[in-house]
Structures are given as C-alpha cells and as structure tokens.
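Using the sequences plus the hints, can you model the full thing?
So the protein sequences, as listed, match chains A and B. With the working numbering applied, the first sequence corresponds to residues 18 to 359, in that order. With the working numbering applied, the second sequence corresponds to residues 5 to 297, in that order.
There may be inaccurate statements among the hints.
Said to hold, decoys possible - Once the Cα atoms are required to be at most 25 Å apart in a straight line, the calculated DMTMM-like pairs of lysine to aspartate or glutamate come out as:
# : chain 1 : residue 1 : chain 2 : residue 2
1 : A       : Lys21     : B       : Glu187
2 : A       : Lys91     : A       : Glu322
3 : B       : Lys182    : A       : Glu354
Claimed, not checked - Far from chain B by the CB rule (all over 12 Å, computed), these chain A residues:
#  : residue
4  : Cys69
5  : Ser110
6  : Ile172
7  : Ser218
8  : Leu221
9  : Ile224
10 : Asp290
Source of the hints: derived by calculation from the structure; they are not laboratory data. Every residue, glycine too, gets a C-beta built ideally from N, C-alpha and C.
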Amino acid sequence: MPNKTFFWFFLPTGLAMILFIGLPIISTGIQSFYAQHDQVVKEVKKCDPFGCTVSIVVDQEATSVLRDERPLGKFNGIGTYVDRNHLAIEQISEFWNETDTFGDFIDQVTNLPFYKALLFTLTYCLFVTPNVLLLGFIIALSLNAISRKIRGPLIFGTILPMIVTPLVGSLVLFWMIDAEGIIGANLQLMMEDPYLSLKSSRTLTWITIIIYGIWHHSPFAFVVFYAALQTVPQEPVEAAIIDGASRYQRIRHIVLPHIYPVVTFVALISLMDNFRVFEPIIGFSAEGSAQSLSWLIYDNLVNEEVILFGSAAATSMMTIIGIAILLAPVLIRTWKEFRTAR
Amino acid sequence: MEYGLDKRSNALKTFNTTFIIIWLLIACFPFIWTFWGSFKVRADFFSRADWWYAISAFNTLIETGGQFTSNAYSQAWTEGEFWKASRNTIIVTVFVVTISLFLGTLGAYALSRSTERYAFWILIAALIFRAMPHITLVSGYLFPFFELQIWGILPTTIVVLVAINQPFTLWLLYSFFKTVPKELDESALIDGCSYFQAFRYIIMPVMWPGVITAGLFSLMLAYNDFTVTALLLNQENHTMVPKIQSYLGTNQHEGNLMWAVSAVVSATAPLFMLVMFFQRQVISGLTTGAVKG
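Put into structure tokens, the structure is as follows:
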C-alpha cells in the first residue's frame with residue numbers, strides 16, 4: 018500500500034491515539050513538575066475591648082486570583098517526586114540512620130504511602146499471576162475432558178467472572194464475604210469469633226483481594242489455554258500413550274511445550290492488568306488496609322479541597338515507569354526478533 | 005482432544021467432574037446469590053442477626069408481606085435515577101462502538117496491507133499504549149479538560165473511551181484482516197478500484213465475524229468502564245458503574261445498599277445475555293488476540 022493511502026487510512030485512529038493517549042502522558046509528565054499553590058495568607062488585626070490580637074488567616078480572594086492566573090500551580094521541579102508522599106528520600110535516610118535492625122527499617126519504609134502501595138501492588142501481582150495461570154490451565158484441561166455436548170453452557174458459566182466489570186465483581190463477592198453476608202457470617206460461626214470481619218485485619222483484606230483477583234482473571238487464562246489445547250496435534254499424544262507415557266508426562270512433555278508461547282502471552286497480559294489493580298479496593302472498601310498505586314492516583318484526583326494534580330501526576334509517572342520495566346523484556350525480545358528477521 | 009487410545013479411570017472421571025462442579029459453583033454462585041438477594045429487604049440480605057434470614061425472608065415478610073419484593077428495583081430506577089444512568093450508558097456505548105469500529109477497521113486494514121517497517125513500529129506503540137493504566141491517562145486529562153471546559157459532558161468521555169479502546173481494536177482487527185487473502189483486494193485494484201473502494205466493497209463484506217468480535221469488546225469496555233466515567237463525568241451524566249458506586253455511600257453520607265444490589269443485577273443481566281448470545285465471538289476474539297499477539 019502506498020504511503021499516502023496508508024496515511025489517510027491511518028489518520029483518524031492515529032490522531033485519536035496521539036491526542037488521547039500520547040499527549041496525556043506528556044501532560045502528566047509536565048504536571049508532575051508543578052504543585053498546587055500554597056494558600057495566600059494575610060495578617061488580620063482584630064481589636065476588641067480587651068486589646069488587639071493579630072491573627073493569620075487565609076486570603077481567599079488572593080488565593081483564587083493566583084489560582085486563576087497560573088492554574089497549573091507553582092513550579093516544583095522534582096520536589097513532588099521526593100516528598101513524603103512519594104519517594105520520601107529524606108525520610109528513608111532518616112530511618113536508615115535511626116533504626117537498629119534491617120527489619121525495623123523495612124517496617125518504617127513500608128509505612129510510607131508510596132512504598133505501602135507499591136508493596137501491595139507487587140504482592141498482588143506476585144500471588145495472582147501464577148495462580149491465574151495454574152487455575153486457568155487446570156480448568157482448561159478439565160473442561161477439555163468433558164463431553165462436547167454440554168461444554169457450551171459450562172464455558173459460559175466459567176467466563177462469567179471475567180465479563181463483569183471489576184467493581185461489580187468485587188462488590189458481589191464483598192457482599193458475601195462481609196460480616197453480614199452469607200460466607201462471612203458462617204465463618205464467624207465456625208471460628209466462634211463474633212468480631213471476625215474483613216475490615217478488622219489487614220492480612221485478611223489482602224487475602225480476600227488476592228482471591229478476588231484469581232477469581233476474576235482465571236477465566237481469561239482458561240479461554241486462551243482452552244483454545245490453545247484444541248490445536249495440540251494428536252499424533253505425538255497417541256504415540257506417547259502407546260509408549261506408555263503417564264498422563265502427567267504427556268502434559269509435561271507434549272502439551273506444555275506446544276502451548277508455551279501462549280503461556281507467556283497470558284502471563285504478560287495478566288501481569289499488566291494486575292499491576293493496575295484499583296477497582297477491587299473500592300469494591301471491598303479496603304482503602305484502610307490495602308492501597309495500590311492506581312488507588313493513590315485516584316485518591317489524589319478525588320481530593321475534596323484541591324485536586325492534587327502534581328501529586329497524582331508524579332505517582333502516574335512512576336507507575337508508567339513500573340509498566341515499562343515489566344514490558345522491557347518483551348520489547349527487547351521483539352526488537353531482537355525484528356532485527357534478525359530483516 | 006478426544007484421545008481414541010486414552011482410557012480414563014473412573015476415579016479420574018469422578019475427580020474431574022467434581023472439580024468442574026466446584027469451580028462452576030465458585031464462578032457462578034455469587035451472581036445467583038446477588039440476584040436472589042436483590043428481591044429481599046436490606047435487613048435480610050445484610051442480616052446482622054442471622055444469615056438464614058436471606059433465605060427465609062424473615063424481615064421481607066414483615067416489611068412487605070411477601071417472600072419477594074421488587075422495591076429495591078423500583079426505587080433505584082426512579083428515586084435513585086438509575087434510568088438516567090442507564091440512558092447515559094446506552095448513549096456512550098452506542099457511540100463508542102460505532103466510532104471505534106469505524107476508526108479501527110480503517111487503521112487495521114491499512115496496517116495489515118502495509119509492507120513498510122513503520123507499520124511494525126505502530127503496532128508495537130499500540131501495544132505499549134494498551135499497557136497504560138487508564139487512571140494515569142485520566143490524571144493527564146483532568147487538568148486540560150478543566151481548562152478547556154469540556155469536563156463532565158458525555159462527548160468528551162466518548163472520545164476518550166474510543167481512543168483508549170483503539171490499541172486493542174487495532175490489534176484484534178489487524179489479526180483478522182491478516183487472514184483475508186491479499187489477492188482479493190489486489191484483483192479489485194487491478195480492475196480499477198481505489199483502495200477505499202476495495203476496502204468498502206470487497207474486504208468489509210467478508211470481515212463481519214471480525215467486526216462483530218471487535219464491536220463486542222468495544223462494547224464491553226465502554227459498558228464496564230469505571231475509571232474514566234467516574235472521573236470525567238459530572239454527577240448528572242454518570243453512567244451505570246459510577247452510579248452503583250455512588251449508591252454505596254461514603255463516610256459522609258449513608259448509601260442505599262439495596263439500590264446498589266438491584267443496580268448491579270440490572271447492569272449485569274444485559275451483559276450476560278449478550279455474552280450468552282455471542283459466546284463464540286468473545287472466545288474467538290480473546291484467542292485471536294492471544295495466538296497472534
């Protein structure tokens with residue numbers, strides 16, 4: 018296709034992507050170097066029969082004038098990146114000097130908002146991704162052995178958790194697991210602990226969200242693996258059976274190598290999706306004990322007094338860097354393949 | 005994979021069936037339970053006293069005189085203005101699907117027919133864009149949108165959702181177009197068609213399965229979106245998912261939990277019907293993206 022024709026065909030979608038994905042990333046980058054204005058203060062002398070006092074109050078008018086004039090805020094350089102709510106360089110060096118043991122140091126650091134969120138996000142990715150692959154694969158193998166006639170409805174039931182939006186999915190589970198729901202109430206009875214509830218324990222909250230994650234993402238892994246299983250050639254499998262290979266050996270040495278490229282694909286996609294975990298935290302009302310990077314950004318953006326554009330943008334930039342690190346191996350591999358193909 | 009030679013032991017068969025049944029229970033029971041509970045009153049579905057009330061409908065009988073009540077639905081749809089939210093969802097979904105299919109088919113066709121190197125790099129860039137968390141993009145939108153005074157209205161959200169959706173649509177349609185033989189449009193070109201005519205009259209008619217699949221995924225994205233719609237729309241224009249969140253209440257004001265339950269059921273039911281209808285397309289879409297990507 019000639020370049021000119023290509024250009025016109027691609028223009029609309031290209032423009033949409035540049036304007037609403039490319040530019041926002043740049044805009045986020047710029048915003049991250051600015052911080053909201055400090056409030057303008059003025060001294061007010063107040064006199065009453067007992068004498069005069071000078072008090073400092075916020076000059077609302079001057080503040081709003083300043084905000085209107087320079088809506089982006091004041092230039093802050095990398096100030097936002099290193100402040101207490103983000104990388105917290107100062108606090109960390111303080112902790113490093115003050116704490117005696119390494120464990121103490123880690124405890125202190127993971128109490129800082131950014132590191133707390135990073136820890137949760139990584140824990141979530143680390144537990145959800147492998148389990149999703151495993152469960153998805155087992156379901157695919159298992160459904161594949163069921164008679165073809167009833168597979169359709171079974172597949173429909175299996176993919177339900179995936180097609181609802183994460184907020185709805187987490188709510189539906191939350192209403193059951195919460196202290197007033199069916200599972201929560203029965204757990205209380207079983208454990209004989211009337212105060213047992215999701216919100217009471219950080220560990221329980223984390224476990225619940227991770228279980229939700231596995232429940233929500235497994236169907237995706239299932240669908241892809243199931244389709245890949247249909248393409249496994251029959252001859253080697255039959256040969257292996259004749260040679261006396263056990264079921265496990267057949268899966269390990271014939272099926273798995275065949276679907277290996279698909280496994281890496283699913284792992285990558287689910288890692289990317291898990292890294293942006295956010296809605297379940299709202300669905301489970303777990304803000305108290307579990308915060309993710311995306312949730313931090315959301316929290317800054319729905320701040321009631323002033324929207325913290327700078328802070329949100331700084332966290333966003335660091336999230337993007339995180340995604341870039343996750344994607345790097347794939348991109349490098351693609352680049353190498355592309356180079357050799359030339 | 006049905007192995008002719010493969011003899012399964014009965015134990016294995018039983019184990020397999022049990023596993024599938026347990027998994028299906030885990031996957032489906034929460035939805036069935038929520039559906040059941042949406043016809044009860046709050047004191048039953050979220051019972052402090054006894055969880056069995058949700059089944060025996062103890063309080064529902066006292067409050068409404070029947071085993072089941074549809075009060076939650078009627079209140080959420082009228083008082084809770086869920087009708088407005090669903091109207092907004094329909095508007096957003098219809099426009100997002102139409103526009104993104106239009107842009108996506110044009111772009112993906114060009115990508116699949118180009119032999120230049122930049123086509124490869126565009127696809128890689130689309131993959132990187134696909135990986136961007138939506139919330140980071142939203143944090144880039146908010147400030148410019150406030151300044152331009154286009155925040156809070158439906159058209160802005162529609163355009164944003166279309167753009168966010170493009171990378172995935174491009175990849176999906178690209179792999180579908182690749183399966184359509186080149187000779188088909190080449191012969192049309194030789195006969196004197198322009199590229200656009202070849203695209204419109206020769207390629208599109210054989211592309212319907214791909215277009216339906218891509219449309220379904222655009223639809224699911226627009227219908228399910230929370231991040232973009234919650235932050236870029238004002239209260240008045242909220243779609244269903246942010247509306248459900250607003251029923252949950254915050255620290256400041258008590259929400260109405262039963263409204264949220266009935267709203268969840270109302271929002272989920274059409275989606276389930278749709279997927280039941282188009283199950284084949286959903287699965288083929290997921291796997292085409294997977295095998296090629």
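Status of each hint after checking the structure:
no.	hint	verdict
1	A:Lys21 x B:Glu187	21 Å, holds
2	A:Lys91 x A:Glu322	17 Å, holds
3	B:Lys182 x A:Glu354	20 Å, holds
4	Cys69	39 Å, holds
5	Ser110	28 Å, holds
6	Ile172	7 Å, violated
7	Ser218	20 Å, holds
8	Leu221	18 Å, holds
9	Ile224	15 Å, holds
10	Asp290	9 Å, violated
Violated hints for the displayed structure, listed by number in ascending order: 6, 10.
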